[in-house]
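Construct all of the structure, not just a fragment, from the sequences and the given hints.
If you count by mature numbering (1 follows the signal peptide of the UniProt record, and there is no 0), then the sequence shown holds residues -22 to -1, 1 to 683, one letter each, in order.
Heads up, some of the hints might be wrong.
To be verified - Here are the simulated DSBU-like cross-link-like pairs (lysine-lysine), alpha carbons at most 35 Å apart as the crow flies:
hint, residue 1, residue 2
1, K151, K36
2, K557, K474
3, K222, K188
Bear in mind the hints are in silico, worked out from the structure with no lab data behind them.
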Amino acid sequence: MIRKTALLAVLSAALLAPTLAAAPSTAATSAQTRRQTLSVAITSITPAVPRALTDVIKITGTVRNDSGADMSGLKVRLRYDPQRVTDRAAMTAYASDQTTATLPVNVSTRNSFMDLEPLAAGGTARWEFTATPVQLGLREFGVYKIAVDVAQWGVPIQAERTFLTYAPPTTQKLPQTRLAVALPIIDQPHRATDDPVLVDDKLSQSITGKGRLADLLRIAQSAPSSVTWFVDPSLLDDLTTMTKAYKVKTKDGDQDRPASAEAGTWLQGLRTALAAAPVVAVPYADPDVTALAHQGLDDQPDRAITLGGQKAKALLGRDVKTTVNWPPAGLLDADALDLLSVSDAKVDTVLLNSTNLPPQQQPLTYTPDAAATLDAVDGPVTALVADPELSRLFEPQAGTSLLLSTQRFVAETAMIALEPGQTQARSLVVAPSRRWDPNPALVSGLLKTARQLPWLQLTPLESIKPGKASVPRAGLTYTDQDRREELSAKYLAPVKEITAEAQLTASITATRTQSSFDAAVLRATSSAWRNSTRMGRSVTNAVSGAVTERLQRVQITGVGPDRPRTLAGSNGFVPISVKNSMGAEVRLFIDARPDDQKLLQVSVKQDEPLSIGPGQSGTVQVWMNATPGTSGDATVTVQLKTADGKPYGKPQRLTIRTTGYTGIASVIVGAALTVMLAAVVTRVLRRRAERRRAASAKNRESETV
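So, in C-alpha cells, the structure goes:
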C-alpha cells in the first residue's frame, strides 16, 4: 500500500510539473527573445590583484535595459571557479565563449545575489558585490574565472566574463619575465613629390583633438622610457612641410593653406616626449620590403633605410637606430631578409609576427621566448617575435572595456609566469599593428599596470637577445596568401620604370649625387597602398609626371622632321646642340647612328663627356660621310647617354640631306682635264710643225745660194 501511494505521488508530481512551471517557462522564453537587448557590464574590480586571503574584493557594474519595454524579475549573480585556469589556451576558450551554459557554476553565498527593481525601458541599474579570496575558494597563486550574469525569472540572459589573478605573499619566487613594448608612429604618405603639395588634408585633422596622431603623442608623453618607438620619417617630413605655407589637392585644384601652428606644436611635443626613449627609424615611407624584393627593386630597401635614418635624425634632433626592421605586417621571407642584412645599415634585428616564425614543436604547451636567430646571407639576424594576444590587448577591441583588457593582461602575464617547467627568465614582445588607432587611456593603463606587476620587468626592445630560454623555430613561414597581400607586380611595374628614370636625372649631374626623387619613389612603394592601391597609383602618376618633366630639362635642340640639315659635299661636320635647363651642371655623351649605313656613315669622337652649365647649351660636332654617287635624305638617330652608357631621354630623329654635288664635280674636273690635255697636244703639234717649216725654209735658202 505504501509503495502504491509513493508511486502515485511521483506520477502526480510528474503530471503537475508542466503546469506549475508554465509561468516561469513563458517568462524565460520572453527573456530569451530579449537576450540582445539586456546587457550587464563589470565596471571595476578592486584590488585588481588581491594579495591576501582577507583582502576584500569589490566588484561593481551595471545592467542596462535596451529592450524597449519595462522588465521585471531581474537578478544579478556573481559566479566564480575555485580551480585555477590551466593554460593560456583555456583562457582564450573561456573568454571567447558567449553562451551562458559554460559560465562558472559556483555562486558565492554571501552578497552574491542582488534582486533588481523593475527596470524601465532604457534604464540602468547599478550593482555591487564584495568577497574575499577565502569566500571565493582561492588558495594559491593563479588565474581564476569569474563572471557576473543577469537573469530573468531565474534564467540567465546575459553575462560578462573576466579573470581574477590571485597573488598571495607566500607565492614562490618566480623568474621575472622581461617585457619589451614596441609602439609604432606610422602613417601613410601625404605627399607625392617633395613639393609642398599634400594629396589630402587628413594630417591637419589627425594631429588635433581626438585625432589618431594626437592620441599617439599623448601616449608618448606618458609612456615609460623603456618603450621602443618605431617612427616613420616620411610622416615627420610631411608635418614639417605643413609648418610653412603649403597646398592641398582637391577636386577643384590645389588650394592654398597657411602654415600650421598645430603641426609645429605636434612635432615639438614628439621631440620632447621621445628625447630619452629608444627610437627606431622606419625605412622612409614604410616601403613594402617583400614586394620590392620579389619584383626586382632590390636597391630600394637600402635607399629607404638610409634616407629614413637621415631624415629622422634631422627632424627629431637626436640619433636613431636603423639596424632594427619591422617589416609590413611583421612578415618577410628569405629574399627580403637577405636584402635587409646586406643594406648599408646592416640590419641585425627584425620584429616579426608570430605566424611568420612559428615554434618547431606544434602545439607548444608553453609560451616561447620572443628571441630567436635567423641565418641571412650576410650572417645571423636576431628575430623578435611579438606575442599575438598581448599585442592585441593594446588595441581597442569592440565591446571590451579598459577594465576587462587590463584584467586579461594581468592574467595572461601571470599565466606565462606560472607555466610549468619554465625556470629561466623569458622575454616577451608587444607590438600592435603598425597603423593602429590607439586608445590613450587603454595603452597608458596597460603600461602602468605592467610596471606594477612583480612578475614583469619592462625593458627596451634592443635588450632582448636569444638566450638559454629560446626555443627552436620552424623557420620563416611566408604563405601564398601573404604573397597576395603584397603590392602586386602590376602595381610596381610603373614604379620600376620611374625608379630607373629618376636615377638617370642624378647620374648626369656633375656631382653624381643620389636622385632627388628617392623620397618620391619610396612614397609610391609604401606598404600603406596595400589596402589603397587607387591612392598609391595616384601618387605614382604624380611622381612619374615630375620625373618626366625633369628628364625633359635636358634636350637635344634643332632637330625634327621639318628641320633637315644639309651636307654639302661628300662629308663634313654636323653640329648637335644640347640645352640644359636644370639647375645644375650636367655631363653626358651623344650617340648618333644612321638608319641606313649604305647611304650615310656617322662618327662621334667624344673622349670626354659634354659639360653644360645650368641654363646653357653645349654642342658636339658629329662627322658624317655620304656614300659617293648618292643624294637625297638620310635619317640619323641621336641619343643622349650617361657616363655608363645608359640612354637619357627619348631618342631624336635628325634628317640629313645630301646634295649629290660630288658626282657633278668629278665630271667637271674630268672635262677640264681633257680640254687641258687637248690644248697641250695642240701646242706640241703646232710647235713641231713650226720647226719643220723653219727647217724646210732654211734648206731652200741653202740650195739657192
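Okay, the hints, checked on the actual structure:
1. K151 - K36: With Cα atoms ~27 Å apart, K151 and K36 stay inside 35 Å; holds.
2. K557 - K474: Holds: K557 and K474 sit about 27 Å apart, inside 35 Å.
3. K222 - K188: holds, 24 Å
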